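Using the hints provided, position chain R relative to the given structure of chain F.
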Amino acid sequence: MPEKILVVDDEKEICKLCQRVLTESGYSVLTAGDYNEAIKILKKERFDLVLTDLRLDGHSGLDILSNIKERYPLTSVIIMSAYASVESAIEALRKGCYDYLLKPFDIDELVFTVKRCIQHQRAEQEVTLFKETSYIYQFAQEISKTGDEETLLRLILKSALLISKADSGSILVYDDSTETLELKVSIGLDENITKIMKVGERIAGYVVKRKEALILENGLKKYPEFSHVPSRDDITCSICMPVMLQDKVIGVLCLNKQNVKYYIFSEHEEKILNVFCSHASLVIQAFRVNKELNELDKLKNQFIANVSHELRTPLMSISGAVELLESSMPDGSKQLIELISRNTQRMTKLVGELLDFSKLETGVFKYCFMEESLQKLLNDIVKDFEKPFHDKNIELTASIPGTLPPVKIDKSRINQAISNLMSNALKFTEPNSRVKLTAKKSKGEIVISVEDTGIGIDKEHLGRIFDRFYQVDGSITRERSGVGIGLAISKKIIEDHKGRIWAESESNKGSKFYITLPI
Amino acid sequence: MADKKKSQILVVDDEPDVVLILSEFLRKEGFKVYTAHNGQQAIDKIKEFPIDLVLLDLAMPQMDGIQVLKELKKINPRIEVMIITAYRDAEKVVESFRLGAFDCLFKPFNLKYLRKSIFAKLVE
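For the record, the sequence lines run as chains F and R.
The letter at position 301 of the first sequence is residue 301 when you use my numbering, and the numbering goes up by one with no holes.
Heads up: take any position in the second sequence, counting from 1, add 519, and you land on my numbering.
Next up, chain F with everything else stripped away, as it sits in the complex (with noise of 0.2 Å):
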């Protein structure tokens, strides 16, 4: 579609002399020798941009740049003249006009002039339309953590009302199921208007129906299909359009000129609309997708939150009952009781487990930060683990300076971060094996490492043993248990302590966790 010009000028060897270069430049070219053409000519149809002298007779080229300017804010205006003057010019600037051609001109000047000016409308509509549309993606993602559809939806019209420069619109909602559309915002509106109509019902149930855009000049008396709706004489010109999800029309979007003589909304105009809508969809749809999954998570939390107290109440009649028997149980059975306890105490750690994985989903973890010493944090680890490291034969050593500075942590999910390396180092060490224990400082932090001499980790597993549910063998047939997060847990603790958590393995020679801490 070539852009539509409009040369103006009471020599009519001029108007011949622009049309015929501007035609040859691919643009198409209408001429008025006056300016009441001028006017009659614009009445009926929108350009892209007028050329006009600055003397018609008995008219100034100001009065047509002021009258396309009240009614086609987008058109643009170039004025030639050949009484050239510092003031007309600098008034016609102010005015709008987008430049000055001075008379006699080159013809490759006056092409040039029109190309740049052109160009320049285009890339100033999709400058706006760039930046209102990167504007409601950064909104949306906003949006959709707190707020509602509708508040999304009046931000995506006051966008379209901004890069359209219309006055008044609407945003309605197409429902699939009931075939209904409803009246979700509206700007510059009646608050009485209709607020629900069926398809094919109004003029944008017509849209849903036809799926396409719809531009309504000057009220509706000139459209017999929409006789039966009220017009509004204030209105100048109105474009609806479908907002398409693929194939579906998931809402319709309004939009109304007011108080102008006349307006059309030009193709160009229901082009870029056009790009806008498809980015006001993919916007909608991402706010309901992630709604839907935040209802979700809420919902699975609440089943995590459900779950972990269903087993933690037999959890305490178990353990109670075990500590309420160890007290009278003869010396043959202290074994088993023992093997009771021990595994009672083994399940509420993993239903402890299970529920912090639902907050390392959503992300909260809470934390209550205090300056500790690590030298006791970490000595109380291995004591810990002391047993069950010589009950399979494996020897732990551990070199903890009593020189550590103190430290700001969570002493108890510190704790968890590392006593989760020494169950990894236990789990994957043979007997007659060894694993060490080190803190030392380093520049600005401590660093506390985990040493084992196990089966080690194949490079292709170790950027991966981070990850929840990440096990190097994750098989039924497995011979180490466990669930796979304790190592991402580590990590959301430690990188909430701005600190790094990593490992360097070799197959069959072992694995060295480490963990830094800023000091």
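The set of hints was computed from the structure by calculation and includes no laboratory data.
Worth double-checking, as some hints may not be accurate.
Distance windows between CB atoms, simulated [to be verified]:
{"hint": "1", "chain 1": "F", "residue 1": "Glu149", "chain 2": "R", "residue 2": "Tyr632", "range": "45 to 53 Å"}
{"hint": "2", "chain 1": "F", "residue 1": "Asp391", "chain 2": "R", "residue 2": "Val642", "range": "35 to 43 Å"}
{"hint": "3", "chain 1": "F", "residue 1": "Gln302", "chain 2": "R", "residue 2": "Arg617", "range": "38 to 46 Å"}
{"hint": "4", "chain 1": "R", "residue 1": "Lys635", "chain 2": "F", "residue 2": "Glu149", "range": "51 to 59 Å"}
Cut-off 30 Å, straight-line C-alpha distance, at most; resulting in silico cross-link-like pairs (DSSO-like, lysine-lysine) [to be verified]:
{"hint": "5", "chain 1": "F", "residue 1": "Lys427", "chain 2": "F", "residue 2": "Lys440"}
{"hint": "6", "chain 1": "F", "residue 1": "Lys498", "chain 2": "F", "residue 2": "Lys436"}
{"hint": "7", "chain 1": "F", "residue 1": "Lys334", "chain 2": "R", "residue 2": "Lys547"}
{"hint": "8", "chain 1": "F", "residue 1": "Lys392", "chain 2": "F", "residue 2": "Lys366"}
{"hint": "9", "chain 1": "R", "residue 1": "Lys635", "chain 2": "F", "residue 2": "Lys387"}
{"hint": "10", "chain 1": "F", "residue 1": "Lys509", "chain 2": "F", "residue 2": "Lys441"}
{"hint": "11", "chain 1": "F", "residue 1": "Lys40", "chain 2": "F", "residue 2": "Lys165"}
{"hint": "12", "chain 1": "F", "residue 1": "Lys334", "chain 2": "R", "residue 2": "Lys631"}
{"hint": "13", "chain 1": "F", "residue 1": "Lys115", "chain 2": "F", "residue 2": "Lys349"}
{"hint": "14", "chain 1": "F", "residue 1": "Lys366", "chain 2": "R", "residue 2": "Lys547"}
{"hint": "15", "chain 1": "F", "residue 1": "Lys131", "chain 2": "F", "residue 2": "Lys40"}
{"hint": "16", "chain 1": "F", "residue 1": "Lys427", "chain 2": "F", "residue 2": "Lys366"}
{"hint": "17", "chain 1": "R", "residue 1": "Lys589", "chain 2": "F", "residue 2": "Lys411"}
{"hint": "18", "chain 1": "F", "residue 1": "Lys376", "chain 2": "R", "residue 2": "Lys631"}
{"hint": "19", "chain 1": "R", "residue 1": "Lys640", "chain 2": "R", "residue 2": "Lys589"}
{"hint": "20", "chain 1": "F", "residue 1": "Lys376", "chain 2": "R", "residue 2": "Lys611"}
{"hint": "21", "chain 1": "R", "residue 1": "Lys631", "chain 2": "F", "residue 2": "Lys383"}
{"hint": "22", "chain 1": "R", "residue 1": "Lys547", "chain 2": "F", "residue 2": "Lys408"}
{"hint": "23", "chain 1": "R", "residue 1": "Lys631", "chain 2": "F", "residue 2": "Lys411"}
{"hint": "24", "chain 1": "F", "residue 1": "Lys298", "chain 2": "R", "residue 2": "Lys640"}
{"hint": "25", "chain 1": "F", "residue 1": "Lys440", "chain 2": "F", "residue 2": "Lys408"}
{"hint": "26", "chain 1": "R", "residue 1": "Lys547", "chain 2": "F", "residue 2": "Lys359"}
{"hint": "27", "chain 1": "F", "residue 1": "Lys443", "chain 2": "F", "residue 2": "Lys387"}
{"hint": "28", "chain 1": "R", "residue 1": "Lys635", "chain 2": "F", "residue 2": "Lys411"}
{"hint": "29", "chain 1": "R", "residue 1": "Lys547", "chain 2": "R", "residue 2": "Lys566"}
{"hint": "30", "chain 1": "F", "residue 1": "Lys349", "chain 2": "R", "residue 2": "Lys631"}
{"hint": "31", "chain 1": "F", "residue 1": "Lys440", "chain 2": "F", "residue 2": "Lys334"}
{"hint": "32", "chain 1": "F", "residue 1": "Lys427", "chain 2": "F", "residue 2": "Lys441"}
{"hint": "33", "chain 1": "F", "residue 1": "Lys411", "chain 2": "R", "residue 2": "Lys640"}
Just so it is clear, the structure is predicted and the values come from calculations on it, not from any experiment.
Every residue gets a Cβ at the ideal spot worked out from N, C-alpha and C, and that includes glycine.
Same frame as chain F, now just chain R:
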């Protein structure tokens, strides 16, 4: 310490096994123990007996622990209440502290912690 043997404790939990274990343990520790399996029973017992301390579960059908706690404190503000819960719902626990509960144990807990906390309260 002399006082504590005379102390009367009410165990409130909708889980019969938990009630059984806790009351058994507390009896062995020398307390006079009453039990209730729901909120209404708890309130009835409070009205009937001179109870010093209540072990109160939070999640119960019909009347939950928070409601029971409010009622108990209305009947006798001097009753000490310890929350026992399997939910890790911080909000509920904080609310129960605001309403005057003196401690909270998360299930499953070791009975020795229960002993420690109750002794500390009744002897102080």
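To see whether the hints hold, each was checked on the structure:
1. F/Glu149 <-> R/Tyr632: 45 to 53 Å: Given a distance of about 49 Å, which is inside 45 to 53 Å, the answer is holds.
2. F/Asp391 <-> R/Val642: 35 to 43 Å: holds (39 Å)
3. F/Gln302 <-> R/Arg617: 38 to 46 Å: Violated: the Cβ-Cβ distance is about 24 Å, outside 38 to 46 Å.
4. R/Lys635 <-> F/Glu149: 51 to 59 Å: Taking Cβ atoms as reference, R/Lys635 and F/Glu149 lie about 53 Å apart, which means the hint holds.
5. F/Lys427 <-> F/Lys440: holds (25 Å)
6. F/Lys498 <-> F/Lys436: The hint holds at about 24 Å.
7. F/Lys334 <-> R/Lys547: holds (20 Å)
8. F/Lys392 <-> F/Lys366: violated (35 Å)
9. R/Lys635 <-> F/Lys387: The hint holds at about 26 Å.
10. F/Lys509 <-> F/Lys441: holds (26 Å)
11. F/Lys40 <-> F/Lys165: With Cα atoms ~24 Å apart, F/Lys40 and F/Lys165 stay inside 30 Å; holds.
12. F/Lys334 <-> R/Lys631: With Cα atoms ~18 Å apart, F/Lys334 and R/Lys631 stay inside 30 Å; holds.
13. F/Lys115 <-> F/Lys349: violated (73 Å)
14. F/Lys366 <-> R/Lys547: violated (38 Å)
15. F/Lys131 <-> F/Lys40: violated (36 Å)
16. F/Lys427 <-> F/Lys366: holds (29 Å)
17. R/Lys589 <-> F/Lys411: violated (34 Å)
18. F/Lys376 <-> R/Lys631: holds (24 Å)
19. R/Lys640 <-> R/Lys589: With a Cα-Cα distance of about 20 Å, the restraint between R/Lys640 and R/Lys589 holds, given a limit of 30 Å.
20. F/Lys376 <-> R/Lys611: Given pair F/Lys376, R/Lys611 is violated - Cα atoms ~33 Å apart, limit 30 Å.
21. R/Lys631 <-> F/Lys383: holds (21 Å)
22. R/Lys547 <-> F/Lys408: At roughly 43 Å apart (the allowed maximum being 30 Å), F/Lys408 and R/Lys547 break the hint.
23. R/Lys631 <-> F/Lys411: holds (23 Å)
24. F/Lys298 <-> R/Lys640: violated (38 Å)
25. F/Lys440 <-> F/Lys408: Holds, at roughly 16 Å.
26. R/Lys547 <-> F/Lys359: Distance of about 39 Å is beyond 30 Å: violated.
27. F/Lys443 <-> F/Lys387: Violated - the C-alpha atoms of F/Lys387 and F/Lys443 are around 34 Å apart, more than 30 Å.
28. R/Lys635 <-> F/Lys411: holds (23 Å)
29. R/Lys547 <-> R/Lys566: holds (25 Å)
30. F/Lys349 <-> R/Lys631: Distance of about 19 Å is within 30 Å: holds.
31. F/Lys440 <-> F/Lys334: violated (41 Å)
32. F/Lys427 <-> F/Lys441: holds (28 Å)
33. F/Lys411 <-> R/Lys640: holds (27 Å)
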